[in-house]
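Peer 1: Between the sequences and the hints, there should be enough to build the whole structure, so can you do that?
Chains as they are written, first to last, in our numbering: chain R, 33 to 364; chain S, 20 to 860; chain G, 2 to 164.
Check the hints yourself; a few may be wrong.
Coverage of chain G stretches by chain S, computed from C-beta distances (three or more under 8 Å per stretch; other residues unrestricted) [to be verified]: (1) 74–80; (2) 136–142.
Label-pair restraints from in silico Cβ distances [as the list claims (entries may be wrong)]: (3) S:H25 <-> G:K156: 37 to 43 Å; (4) R:Y104 <-> S:D607: 53 to 59 Å; (5) R:G198 <-> S:R841: 26 to 32 Å; (6) G:N119 <-> S:H520: 33 to 39 Å; (7) G:D72 <-> R:G110: 35 to 41 Å.
Hints listed in this document are in silico derivations from the structure and should not be mistaken for laboratory results.
Note that the structure is a prediction, hence the values are computed from the model and not measured.
C-beta: ideal position from N, C-alpha, C; glycine also.
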Amino acid sequence: MILMGRPFRRFELINAGTVDEAVRALSKYDGRAWPFAGGTDVLRVLRFRPLPEDLMPDALVNLKTISPSMSYIKEEDGVLRIGATTRLADISRDPLVRSGYQALAEAAEAVATPQIREMGTIAGNISQLPQCLYFRKPDDRFHCARKGGSVCYAQSGDYRYHSIFGAVNNCIMPNTSDIAPALVAVGARIVTNKRTLEAEGFWDVRVPGNTVLDRDEIITEIQVTRPPPGARSKFLKFAVRKSIDFPLVNVAVVRGDGVARVALNAVAPKPYRAYAAEEVLLGGGSEEEAASAALDGAVPLQMNRWKISVARTLVKRALLMASGRGAEGGGP
Amino acid sequence: MEGAEHRRIKRPLRENPYLVFEQWQFPEDPEFKVIGRYVEPKDGRKITGRELYMRDIKLPGMLYAGWLTSPYAHALVRSVDADAIRSMPGVRDVLTCKDPDLHVEGSPEGLAAAGELEPLNVKRPEIAFVLPCEAVFEGQPVGVAVAADNMRSLYDAIWAARSKVNWEELPFVVDRDEALRPDAPVAQLFRGQETNAVDPKSAGLLPFVPWVPSGASRWEMGNPDEGFRQADGIVEFEVKANVNMWGGGGVEPWAAIAWLHDGHLELWIRNQVPRKTGLFEGLESPPPKGLTMEVAAAVAGVPLSRVKVHIPYFGTSYGGMNWNGYSVIPTLLAILFSRRTGRPVMVLADWSSWSGIIGEEEGRYRFKVGFKRDGTITAVEVRSNVTWGIAGLTMPGSWKIVESTSIKNFRVEGVYPYTNKPPAACYKHGTTECLVLNEVFSRVAAALGMDPTELALRNDGSMGLPMHPDLDEIKAAQGFPVRDSLREVVEAGKRAIDWDHKWHRPGAMRLPNGNYHGIGFAWCPEWQVAPWHSVSPDTAFQVGLFLNEDGTAVIRGLRALVGNHEPSTYAQIVAEESGLRYEDIEFDHEFQDAVLSPPSGSNGLVWNSALMKELGMRTRQKLLEVAGKHMGKEPGELDVKDGVIYEKANPGNSISVGSLVAKYREHFAGGIWATGRSALKGTLIPPSPMEAHSWGRQAAFVEVEVDPETGRIEVKNVVIVNDVGRVVNPGSVAGQQYGGVYMGISRALGEEIIYDPNTGVKLNDTLAWYYVPTIADVYPVHAIAVETGLGYGAYGIMGVGEDPAALTRAALRSAVHNAIGRWVNEDPMTPDRVLRALGRA
Amino acid sequence: MIRLTVNGKRYEFKVGVDVMPFTALRELLRDRLGLTSLKEMCEGEGVCGSCTVLVDGRPTLSCLTLAVDCDGKEIETVEGLAESGHPLLEAFSRNYAYQCGYCTPGFIMSAKALLDRNPDPSYEDIVRGLSGNICRCGTYAAILSATREAADALKARRGGGGL
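Peer 2: So, in structure tokens, the structure goes:
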């Protein structure tokens, strides 16, 4: 049931002044308070209520009010440091990021729309909840495995956009972050108030969240060690429209100076690091061979096997472009 | 290319890499002072935020009302705990589907619902369908409606209502072919049928085209079997259209306001066609669907004379909902609530229920086409399983392909199953008709390896007659210029897209970047021939003009302003004929009793040009008469120009319009009136249906690149050519052409509602996943308006109409085939479908 | 208490009385300040762009922005541009860059944000800058002309002096 002018579910807003305050508030609410920055996903959940009542937040903890601000981009000692609440638009425009960490700038530029990029943050983007259409149908219409239910409705339903690498915890959603594969490819580290994680270990498949973060844990910073001078990175996104859309397939690669890293997203519930492709490249194989290897293990099912062809193509093209030898072909 | 050099080609609009607009005239065409020229638009104020749109309106004490919508594709509301809902904060009234206010003797208790097939019987309004107990599609408003003090209270109440309702889930069916199987569940119980087959007679299919009798589901012309025997070749194929059309009801979610006070009903509606009474009076079929003031008055319990209608600006409408019984519901619910609460009530509907409707050509088509080696098409057979024609008005394929070709033999069959999908509506369409016409022509052209533009010209005609010489003679006899619209339009388009250098065999052109290049073509007749509106001589279209003492004038008539730049266009015509200045003329669109435009809305300018022309002429006449008296001259000695009446032989002897009006107030106080009949070309009711021909043609050319590795289709170039008869407002024409192009392309590329097969729930009724394109998806469009004067309106106008959307879709489909040498038989042609057609998925 | 500037005018709202934590900026601007140019197509999902306002110069979706989050911020809507006679309005009108007009205020605000940041945009820049606004009537191509024309008009204004 959707109603025009549909108001948000009521909530309290806690304007945290420090990281400590934020963490304490999250602790106190024990899962019933969510971190809040750009709000472009959190507020949609509050408006459309895809989650059952027991999983909906009663409070939002505002991270934008934290001082010193967590919105910054700087490079120190060869490490790029981006504050958690840095807007995607600022990342995409930043000359430092554009020159040294191309895939990250390209990924930030590819997210959604200009407005959402001006509002949305890097931490928010990588933490977004499932965008699977069954998950997101309002008013908990499909009480699936990610909400405490036992069924994945997509598996027996319409799964044309879903995972080509099978299920994780009975879920075949595609992870729809554009930033995620870029972080995996450049080997980013995610710093929280509790620990520092390799990007690859950040994502999970939980009820309902997509990350390993604890209830009282927030991202404070994202760090990327500058790739070697001869390495270049490239990000490509495939979707039906050239704006707005979540990715149907996206790819980020780093190539050159002995580096070969390949990450895909929107093909599995978590970002997918294509180790097999990297081995092929490091062993002297071609981009085409690497692309094929990247899709080893993909499970072609009737409705979504088309993604395999697209994913393979994107990997190949991204690798060619990262090594300066490819045009984009017909797209993306 | 012959032709272009002899033309006067104008380019009145600012251009950019994505838009070129040309006006093609013949040197001997009349040069107007205002018509056909660029003018500043008159309704720019609405973009400043200072004009109220429908959902901006707030009346004193206004309540907000809405419905519970069904989470199930098919279900019954067995009971509602209305008291619990009534007791929630801010709730002023609750209606349930069991409420006696909703039931009229004779209607099935609790099970009446409005689908697109329910005609509104104005003599016995069956308002039970406003709030049914049976949901026949997911998202349908059912069971409970609430009126509350504000949106928050409304929402909270409806949210709570979800658990105050007892549902009985019923078996559902969304697939059309499954719906016709003998063991299929009955999709819509309230119709009282045991199968899902629509009985066309009882559904009241209207005789919208005279050659298909009302209630028919099968129709033949000529001798199709003989036609197939004579053929050198036959193609058989099937096309499945999954196209949906978000926005048919407009982009501003539907709302309606009603205020019943002291026996007077005031309405704020966002219907495109604010009719007073039903269409087609005098015909035996039941009146059509859609809102009429008569029905509103009956529900309110007031006489028709006490209904006042406001039509604020609204986020448009493209026809769509107005043909649908569904469009009545918000207004009727608002009236009911207002009657019960004594307050003004705004009913709010939502995207999923109102805009997420299906397009009228959605379904499956099976074709068999016979043709000779020289391209003559000898027989066409179409069997379709679609939503029932254009909201029940025709059978697919029965109209345009007959209307605009020399093909003599047809067999058309339609089955129309009820399913658990939302109502069908039509907008910027003609798709059922253009789809059939163009699939036939594209396939035959491909089978023969023939240039599709040549195939079109070879088969151009009407009702089985060829254009030359037969129809040329009829044109001349009926007073039309003997011009070949299709040839002019095709030549203009081919030149613009450089067709002769670009057209190639299917699959034959692979580009250096790895993509396949393709170019496609589609054509169809003008949107609608004026006399098809079958308007009886008693139907009043009317418009008035009132002159002011400051020299300004107001045109007054009733018309929803949907965004076609109507005020500007009308002012141009009136200015041209009357001698008033364009700048001095305004348009008041809420004048209650003067109804503008034909009831269907789509052919507006064909009719309204006649109205405005006559209005302008009568204004001039009146000014000359009165000024003649004032100056002591015969009207013939005077002229009006730029708001001044002057003596032709002695221009210094003059008086301004304003001064004349001020001096002779009593002559002008009653306004000047027109009905348009004298200015309408051709006859109002043609001598016989088969003699009102569609002379105008339109064509679309689309160039694409298809990436064989990803299935992505990239549109590189579009040329759209419309014979509009005569251009009045270039900005408006360009907008209509461009708008149609962009809609048609996006329908073919991505607009589709996905249903969960296990529950019948619409999965992507969200703009994040329903692919309406943004500006990022633009491509260059070259729009050409050819002026032939072959229309039935004043100045030979035929308008742009709805077909650009249908055309570009068809041209895109043919372009994709030209690119990859395979047909994508299911659309929209999303990457997955293209990859499957290529054998890569 | 929150204080914000809207189209150059200062306003104060009491949290818990005039505005709640969960009041969207759009609702505040429409209901309290009568700024009805902020529309809704997508039901508040943040996709259609017809509620676009500028918040401290950033194009922002007012449907997904909390009013209380705008304390101390400067907000611009198309009503403000109309008042100050911004060339975008005239340019949109002259180029027939609107049909039903429903999406137009949102486009104009996105265009203003673009021109503020990039006074001499190429057509590609304009396309990218306006890619968060949906139009169904089909005004995209005319909007490109209008935005480019407004850029020219602003340039001429800045150039100052007489011509």
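Peer 1: Next, verify each hint and record whether it holds.
Peer 2: Checked hints:
Check on the region 74–80 of chain G: 3 of its residues sit with their Cβ under 8 Å from a Cβ of chain S, so the three-residue criterion for coverage holds. Under the rule that three or more residues need a Cβ within less than 8 Å of chain S, the assignment of the region 136–142 of chain G holds, with 7 such residues. Checked against the hint of 37 to 43 Å, the pair H25 of chain S and K156 of chain G passes, with Cβ atoms roughly 41 Å apart. Between Y104 of chain R and D607 of chain S, the C-beta spacing of about 57 Å keeps the proposed range 53 to 59 Å intact.
Our hint of 26 to 32 Å for G198 of chain R and R841 of chain S holds, since their Cβ atoms are close to 31 Å apart. Roughly 37 Å separates the CB atoms of N119 of chain G and H520 of chain S, a value that falls within the hinted 33 to 39 Å. Judged by the Cβ atoms, the range 35 to 41 Å given for D72 of chain G and G110 of chain R holds: they are separated by roughly 38 Å.
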